[in-house]
Amino acid sequence: MGRRRSKEEKEQEEKLQKELQEKQDIKYMKEAVKQAKKAYALGEVPIGCVIVYEDKIIGRGYNRRTIDKNTLAHAELQAIRKASRKMNDWRLEDCTLYVTLEPCQMCSGAIVQARIRRVVVGCMNPKAGCAGSIMNLLQVPQFNHQVELTTGIMGEECSRMMKTFFKELRQKK
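Okay, so the sequence shown: first residue is 1 according to UniProt numbering, each after it adds one.
Calculated directly from the structure, the hints in this document are not laboratory data. No experiment lies behind these values; they were computed from the predicted model shown. Every residue gets a Cβ at the ideal spot worked out from N, C-alpha and C, and that includes glycine. You may find that some hints are simply not true.
Said to hold, decoys possible - Listed next, with one range per pair, are the computed distances between beta-carbon atoms: (1) G43 with P141: 33 to 43 Å; (2) S6 with R65: 45 to 55 Å; (3) P141 with K37: 31 to 41 Å; (4) T71 with K172: 16 to 26 Å; (5) R65 with E157: 42 to 52 Å; (6) K163 with N136: 22 to 32 Å.
Work the whole structure out from these sequences, hints included.
Structure, rendered in structure tokens:
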């Protein structure tokens, strides 16, 4: 019979798990930022997204709304479509979605519908965010699926990219 772990050992283990999770979150948020930079280079609002399954990126996307002339061309929807193809399933239950900007209502709905387990957000979106800013569609108890949510991973970098983009856009006008 093994000995019981002390409260301190349990706390230490939880702290270590949290640190490992944060390192992994930063690793994949950097990949989402790379996607956002692709949008930026094309003159699109710089939003990027990656979806991870078993420590592998299975879907990538960046905002292409203006280029594609398509309201649905959001980073999250592009990444979900690619991940679903890769998994050969619409259910992405054991996946984590990393996105540089808090999802809108459309993308939040798609995330819930895809049964994504966890979402990691770079910066919040007080004007249109539906993962906590205006409302939280990811965790509505009446829905048949709720999403675990982590915010603020590389938040300053993601926010700075958005601010710089819109500052440059205003200067062009």
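Tested hints:
{"no.": "1", "hint": "G43 with P141: 33 to 43 Å", "in the structure": "40 Å, holds"}
{"no.": "2", "hint": "S6 with R65: 45 to 55 Å", "in the structure": "53 Å, holds"}
{"no.": "3", "hint": "P141 with K37: 31 to 41 Å", "in the structure": "37 Å, holds"}
{"no.": "4", "hint": "T71 with K172: 16 to 26 Å", "in the structure": "23 Å, holds"}
{"no.": "5", "hint": "R65 with E157: 42 to 52 Å", "in the structure": "22 Å, violated"}
{"no.": "6", "hint": "K163 with N136: 22 to 32 Å", "in the structure": "24 Å, holds"}
When each numbered hint is compared with the structure, a violation occurs for hint 5 only.
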